[in-house]
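In order, the protein sequences belong to chains F and P. Under the working numbering, the first residue of the first sequence is numbered 1, with each subsequent residue one higher. Under the working numbering, the first residue of the second sequence is numbered 1001, with each subsequent residue one higher.
Hints are computed from structural coordinates only; laboratory data are not their basis. Among the hints, a few may not be true.
Said to hold, decoys possible - Restricting the straight-line Cα-Cα distance to at most 27 Å, the calculated cross-link-like pairs of lysine-lysine (DSS-like) are:
1) P:Lys-1022 <-> F:Lys-22
2) F:Lys-9 <-> F:Lys-73
3) F:Lys-57 <-> P:Lys-1022
4) F:Lys-73 <-> P:Lys-1022
5) F:Lys-15 <-> P:Lys-1022
6) F:Lys-9 <-> P:Lys-1041
7) P:Lys-1053 <-> F:Lys-15
8) P:Lys-1040 <-> F:Lys-9
9) P:Lys-1041 <-> P:Lys-1022
Said to hold, decoys possible - Quick list of simulated restraints, FRET-style, between CB atoms:
10) P:Gly-1014 <-> F:Lys-65: 25 to 31 Å
11) F:Arg-41 <-> P:Glu-1044: 19 to 25 Å
12) F:Gln-42 <-> P:Arg-1063: 27 to 33 Å
13) P:Ser-1065 <-> F:Arg-43: 20 to 26 Å
14) F:Ser-52 <-> P:Thr-1110: 37 to 43 Å
15) P:Ser-1055 <-> F:Phe-76: 25 to 31 Å
16) F:Phe-14 <-> P:Arg-1108: 21 to 27 Å
17) P:Glu-1044 <-> F:Ile-51: 22 to 28 Å
18) P:Gly-1014 <-> F:Gln-78: 44 to 50 Å
19) P:Ser-1059 <-> F:Gln-78: 37 to 43 Å
20) F:Arg-41 <-> P:Lys-1018: 19 to 25 Å
21) F:Ser-28 <-> P:Lys-1040: 41 to 47 Å
22) F:His-109 <-> P:His-1079: 23 to 29 Å
23) F:Gln-42 <-> P:Lys-1018: 44 to 50 Å
A virtual CB, placed ideally from N, CA and C, is assigned to each residue, including glycine.
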Amino acid sequence: AQRVTQPEKLLSVFKGAPVELKCNYSYSGSPELFWYVQYSRQRLQLLLRHISRESIKGFTADLNKGETSFHLKKPFAQEEDSAMYYCALMFSGGYNKLIFGAGTRLAVHP
Amino acid sequence: DTEVTQTPKHLVMGMTNKKSLKCEQHMGHRAMYWYKQKAKKPPELMFVYSYEKLSINESVPSRFSPECPNSSLLNLHLHALQPEDSALYLCASSFERGGELFFGEGSRLTVL
């Protein structure tokens, strides 16, 4: 079955510490993976996608097909990074079906 | 205009009422989506429209009836809902071939 797993509900770190939010997926086709973020009182928005291979707000994520993972990393967390982070998988074949993991709340403390 | 606009922001309805949620975008996107989000849970896909045609229905009960009257508008008609249908309903849009979804702020529905 197609699934996105985010094992941590809450990740709590201090400012300046490295951050890694874990995401694993289960999908038989060729997936397209995303990280979406929801800051307090703001709408859900795209943070980054694996095919662009870019760094957004200091975050990076690499698709590892062998481990079926797409972990989100940032070397030095900032307080403004505190938010809800969702890993998401879009099915291949142009079906436009995007499913989300359970989400990880990142809390960055001063 | 690079936003997805949803109305109303809040809706309270009884189980016998008929109401509608509305969503609008003017980004030229040809795919539009309805998601349901319960508190402390991720968004769950309900429906996908592609070029104004329903392409995905995730086994949603018939008391939820989507409609896409044109490429900019998406409605969700509600009838005979249950209290457990209370949730935040999110609309999103994207270019037809997938990629980034742009989300609205949501309509918070309470069913009494």
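Hints breached by this structure: Hints 1, 3, 4, 5, 7, 10, 15, 16, 20, 21, 22 and 23 not satisfied by this model.
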